[in-house]
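Asker: First to last, the protein sequences are chains A and B. Residue numbering for the first sequence follows this note's numbering, starting at 16 and increasing by one per position. Residue numbering for the second sequence follows this note's numbering, starting at 628 and increasing by one per position.
There may be inaccurate statements among the hints.
Claimed, not checked - Derived pair list, reagent style DSS-like, types lysine-lysine, alpha-carbon separation capped at 30 Å:
#1 Lys783/B / Lys795/B
#2 Lys108/A / Lys783/B
#3 Lys108/A / Lys702/B
For the record, the hints were derived by calculation from the structure and aren't laboratory data.
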Amino acid sequence: MVIPYMIFVGLLFAIGLYCLLTSRNMIKLLIGLEVMAKAAVLSFITAGYARGETFLSQSLVVTFIVVEVCIVAVALALAINAYRNTGSLDIRKLARLKG
Amino acid sequence: MDPINLILLIAITVMAVLAVFLRDLLRAAVSLALMSALLAVVLYRMDSPYAAVFELSVVAGLITVLFVSAIALTKDEEQVAEARWPLYVFPLALALFGVIILAAVPALFGSTPAGWGNPTATFGGTLWGLRSLDVLGQIAVIFGGVFGVLALFREKPPTAKEKLEAEKAKEGGNRLW
Numbered sequence: 016m017v018i019p020y021m022i023f024v025g026l027l028f029a030i031g032l033y034c035l036l037t038s039r040n041m042i043k044l045l046i047g048l049e050v051m052a053k054a055a056v057l058s059f060i061t062a063g064y065a066r067g068e069t070f071l072s073q074s075l076v077v078t079f080i081v082v083e084v085c086i087v088a089v090a091l092a093l094a095i096n097a098y099r100n101t102g103s104l105d106i107r108k109l110a111r112l113k114g
Numbered sequence: 628m629d630p631i632n633l634i635l636l637i638a639i640t641v642m643a644v645l646a647v648f649l650r651d652l653l654r655a656a657v658s659l660a661l662m663s664a665l666l667a668v669v670l671y672r673m674d675s676p677y678a679a680v681f682e683l684s685v686v687a688g689l690i691t692v693l694f695v696s697a698i699a700l701t702k703d704e705e706q707v708a709e710a711r712w713p714l715y716v717f718p719l720a721l722a723l724f725g726v727i728i729l730a731a732v733p734a735l736f737g738s739t740p741a742g743w744g745n746p747t748a749t750f751g752g753t754l755w756g757l758r759s760l761d762v763l764g765q766i767a768v769i770f771g772g773v774f775g776v777l778a779l780f781r782e783k784p785p786t787a788k789e790k791l792e793a794e795k796a797k798e799g800g801n802r803l804w
């Protein structure tokens, strides 16, 4: 019963991973990270649904969503600051920072 | 598998592909929001209404607002070039990943007995009883995020020289008028 769901989990995770590997735009990287987070949420809920423990999986997902929002907020703040310093969203330009 | 869930999951995958491959960042962010909204429907259909509400309100709502605000603040005109090498390596990695999923998932779900927790518990009882330490962790993470954003957007206090220049400029303006 869980195999089709887990195939979609794998697909979503792969799409997010591909974005992280190919993209150099900081906001696009975060979008890739979000897609991977969706795969993790679907995986948690599928596991809870399959074992009949949806309350436990939901409480884990709620915690995960809170962590996810904080990560995105801080990462977007970092991206905006980097844009103000370099004038670009290209992640490679951050490699030249010194200091 | 429920056919409606299958259709919804296919739609979620299409939205994920659009979010990753669309060049326009605003459209990519909207695709991500639609993907979250569809995922919320799937979660609701899988007997997880609380997670669905959180997914819909926090992820589809708040995170989309954060993304749109960041895109509006940056206005990146130039297109950032993308790496090409994963195009060739990635299908192989994906196939390997699929084989691992097909091999590992039945073993994982067959190894532990079903319902080892308390299946009659409520969501509130589970979150505040069984996982109450997670709530403390959530509070710590929220404070970490808030102070992280505050630290990143902190204004630098003006130096003595800058203060003097500002006063001179003000005096000059007064004399002029």
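Asker: Next, verify each hint and record whether it holds.
Answerer: Now the hints, each set against the structure:
no. : hint                : in the structure
1   : Lys783/B / Lys795/B : holds, 20 Å
2   : Lys108/A / Lys783/B : holds, 23 Å
3   : Lys108/A / Lys702/B : holds, 17 Å
Taken one by one, the earlier hints all hold for this structure without exception.
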